[in-house]
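Please model the complete structure; the sequences and the hints are all you need to start from.
There are 2 protein chains.
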Amino acid sequence: MAAKLKALILPSEQRLEDVFTPEAIAEADKHFDAVWNRLGREYTADELAAMIGEADVIITSWGSPSITEEMLAKAPKLKMVGHAAGTMKKLVPKAVFDRGIKLFSANKRIALSVAEYCLGVLLSQLRYLHSYNNSLHAGGWKNNDWYGRELTGSTIGIVSASQTARAFLRLLAPFHVKVKLYDPYLTEEAAAELGVEKATLEQVMQCPIISVHAPNLPATKGIITRELLESIPDGAIFINSSRGDVVDEAALLEQLATGRFQAAFDVYPKEPLKADSPMRSLNHVFLTPHIAGAAIQGHQALGGLIIEDMVRNMNGEPTQHEVKAAQWEITA
Amino acid sequence: MAAKLKALILPSEQRLEDVFTPEAIAEADKHFDAVWNRLGREYTADELAAMIGEADVIITSWGSPSITEEMLAKAPKLKMVGHAAGTMKKLVPKAVFDRGIKLFSANKRIALSVAEYCLGVLLSQLRYLHSYNNSLHAGGWKNNDWYGRELTGSTIGIVSASQTARAFLRLLAPFHVKVKLYDPYLTEEAAAELGVEKATLEQVMQCPIISVHAPNLPATKGIITRELLESIPDGAIFINSSRGDVVDEAALLEQLATGRFQAAFDVYPKEPLKADSPMRSLNHVFLTPHIAGAAIQGHQALGGLIIEDMVRNMNGEPTQHEVKAAQWEITA
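Chains A and B supply the protein sequences, listed in that same order. Going by our numbering, the first residue of the first sequence is number 1, and it counts up by one from there. Going by our numbering, the first residue of the second sequence is number 1001, and it counts up by one from there.
If you're looking for bench data, these hints aren't it; they were derived computationally from the structure. From the three backbone atoms N, C-alpha and C, an ideal C-beta is built for every residue, glycine too. Keep in mind that a hint or two might mislead.
[Stated by the list, open to error] Now the stretches of chain A that chain B is said to cover, found in silico as 3 or more residues with beta-carbon under 8 Å:
| no. | region |
| --- | --- |
| 1 | 241 to 250 |
| 2 | 280 to 287 |
| 3 | 294 to 307 |
[What the hints assert, rightly or not] Using 27 Å as the maximum straight-line C-alpha spacing, the simulated DSS-like pairs for lysine-lysine come out as follows:
| no. | chain 1 | residue 1 | chain 2 | residue 2 |
| --- | --- | --- | --- | --- |
| 4 | A | Lys274 | B | Lys1108 |
| 5 | B | Lys1274 | A | Lys142 |
| 6 | A | Lys89 | B | Lys1198 |
| 7 | A | Lys142 | B | Lys1030 |
| 8 | A | Lys178 | B | Lys1108 |
| 9 | B | Lys1108 | B | Lys1030 |
| 10 | A | Lys221 | B | Lys1142 |
| 11 | A | Lys270 | B | Lys1142 |
| 12 | A | Lys90 | B | Lys1142 |
| 13 | B | Lys1089 | A | Lys142 |
| 14 | A | Lys221 | A | Lys94 |
| 15 | B | Lys1089 | A | Lys108 |
| 16 | B | Lys1142 | A | Lys142 |
| 17 | B | Lys1270 | A | Lys142 |
| 18 | A | Lys6 | A | Lys108 |
[Claimed, not checked] Okay, the calculated beta carbon distance ranges per label pair:
| no. | chain 1 | residue 1 | chain 2 | residue 2 | range |
| --- | --- | --- | --- | --- | --- |
| 19 | B | Gln1327 | A | Pro278 | 50 to 58 Å |
| 20 | A | Pro318 | B | Gln1327 | 49 to 57 Å |
| 21 | B | Ala1073 | A | Gly259 | 39 to 47 Å |
| 22 | A | Glu227 | B | Glu1197 | 27 to 35 Å |
| 23 | B | Ser1231 | A | Trp62 | 36 to 44 Å |
| 24 | A | Tyr185 | B | Asn1315 | 48 to 56 Å |
| 25 | B | Arg1170 | A | Trp62 | 49 to 57 Å |
| 26 | B | Arg1260 | A | Gly63 | 51 to 59 Å |
| 27 | B | Glu1254 | A | Lys6 | 37 to 45 Å |
Right, here's the structure in full:
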């Protein structure tokens, strides 16, 4: 029997509790010669550089140091990097692909938490549930201004066919919505498979419900322009759970100030959202602090899913969470 | 060609706008000799009694006078009563069935609005979305006390297999939840068809998520007893969108005061909820003013759906919204 691959598992014990179940920790020990971080804090970049030469496998999460090109040069045995978190863009250099190192990310699993967030804020805004809740806590009762709409049968515009958008589409299935989706990389065939209509960004931004799922890439910065924001219909609901930078912030603040449409944001160009942001005083804008992807079960599932996929790869089975070179430029 | 049936359409013009689309008004005129209410207010009971002798058909909604046994005796031609609203219990006496008069209610359509409400408050509470929204509007950011849970894969206890529960189950399909359902009239076969596990009320009340859909009947008054409320697990979410009377109010207030679990109520034993209700000061209790069934599209659909079903009945086709004698005692 071959010796086990040596796996550096970088997350601190505190982080590990969030992203590994006890079962996933046992799986890691079973399949790898696992080296756990017992420092009571995250490793520094220097500490990682000193250890990386022995690593066949590295497992990371939020807070782990990045693997630089210099470190990569000192890691001749490295075969797989698995990230028990979302994007790997800042974690590894693109050069890993030239070395044939396989990458695994838990992005797809986090997307489910994001999708549940999207549906929750959407249903709440359609029916003014949070406004009613606040009103009743302040002594109120019915309010004729808050005669809500149903989601069932609505038209929804979606920006980008990312993993979060796809998870959202799955949750929307029983609502029989009509979906217009903008994604320059989506083929007509793929759109048909998803049950959506391929649309221009202009068409998407004219829908009565709009949800932005664009990846954080140089190419998506500012794609939701002033003109597009001005084209949002009165009475619409505009949700952004992807990245704040995709929207022209100055134009957004101007449009929100008109009160023409409702909005919900989990992300902002700068986080935390500054204390004096004008958004904080607009009741028709639903605000959360970049928590759409963070749910207990969703996070605890991440470590196990990375381990499982690495084991599939070692066994020559098809993987589910591999990040491939071809998608590197167009996904988050 | 036979003369058209004479239909008294009771709702005032103001109410009619809420529950009839222009298309449904045209359908009513097409299929019936329709007598519309042009008084600018609802009819009184005396006015209805004076007209009822000519009626083959009566169409009602919220605010319409009830049809009493005395009126029924003066209405020899009456064949169908359609209610563009929910329960017909207070609208017609049970004696209509002895006369072979057919009843139609839009209860099933309203259930969809209720189901969207249930999913909205549930997703909001699981992730503390409304709490975060208030916190950010008050200058806050992340909060470690509000690390949310996902709905996907959860276990949900449901009280009563009513129309609202069935609509809720349809919306829950993509979440792959395990459902324990208590309903004394539900057979094992019907439970299997719904994809739920038949359970006792005790078992349902021990689930981490509990949603009450019991009809408002003498038999359901107070069925959620003190003992059952005490058995709700810590950290659970308890939702009641049916009727306030099904819960022991004093025991409920005591349990809510402990803060052991979250709750959401759209209904109360007395409505409006009194200004000094202790619930109004509990942040872990989500409150709405009996609006779960009220969404614009849902309400506007009601009139047309009643007309359509009456036409089906006249054509000898199967109906979808008929209220039958056998269900009179066990449904709302």
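Each hint tested on the structure:
1. 241 to 250: violated (count 0)
2. 280 to 287: holds (count 5)
3. 294 to 307: holds (count 5)
4. A:Lys274 - B:Lys1108: Status violated; Cα separation ~46 Å.
5. B:Lys1274 - A:Lys142: Measuring from Cα to Cα gives roughly 13 Å; hence the hint holds.
6. A:Lys89 - B:Lys1198: 48 Å, violated
7. A:Lys142 - B:Lys1030: 36 Å, violated
8. A:Lys178 - B:Lys1108: 23 Å, holds
9. B:Lys1108 - B:Lys1030: This hinted pair holds, its Cα atoms lying about 25 Å apart.
10. A:Lys221 - B:Lys1142: OK: lysine 221 of chain A and lysine 1142 of chain B at ~25 Å, within 27 Å.
11. A:Lys270 - B:Lys1142: 14 Å, holds
12. A:Lys90 - B:Lys1142: 23 Å, holds
13. B:Lys1089 - A:Lys142: Judged against 27 Å, a Cα distance of about 24 Å means the pair holds.
14. A:Lys221 - A:Lys94: This hinted pair holds, its Cα atoms lying about 21 Å apart.
15. B:Lys1089 - A:Lys108: 50 Å, violated
16. B:Lys1142 - A:Lys142: Violated - the C-alpha atoms of lysine 142 of chain A and lysine 1142 of chain B are around 31 Å apart, more than 27 Å.
17. B:Lys1270 - A:Lys142: 14 Å, holds
18. A:Lys6 - A:Lys108: 26 Å, holds
19. B:Gln1327 - A:Pro278: 50 to 58 Å: Holds - the Cβ-Cβ distance for glutamine 1327 of chain B and proline 278 of chain A, about 54 Å, lies within 50 to 58 Å.
20. A:Pro318 - B:Gln1327: 49 to 57 Å: Holds, since proline 318 of chain A and glutamine 1327 of chain B (Cβ atoms, about 51 Å apart) stay within the stated range.
21. B:Ala1073 - A:Gly259: 39 to 47 Å: 56 Å, violated
22. A:Glu227 - B:Glu1197: 27 to 35 Å: Violated: the Cβ-Cβ distance is about 53 Å, outside 27 to 35 Å.
23. B:Ser1231 - A:Trp62: 36 to 44 Å: 38 Å Cβ-Cβ, so the 36 to 44 Å window holds.
24. A:Tyr185 - B:Asn1315: 48 to 56 Å: The hint (48 to 56 Å, Cβ to Cβ) holds, given that tyrosine 185 of chain A and asparagine 1315 of chain B are roughly 51 Å apart.
25. B:Arg1170 - A:Trp62: 49 to 57 Å: 36 Å, violated
26. B:Arg1260 - A:Gly63: 51 to 59 Å: 33 Å, violated
27. B:Glu1254 - A:Lys6: 37 to 45 Å: Taking Cβ atoms as reference, glutamate 1254 of chain B and lysine 6 of chain A lie about 57 Å apart, which means the hint is violated.
Of the numbered hints given earlier, the model fails hints 1, 4, 6, 7, 15, 16, 21, 22, 25, 26, 27; all others are met.
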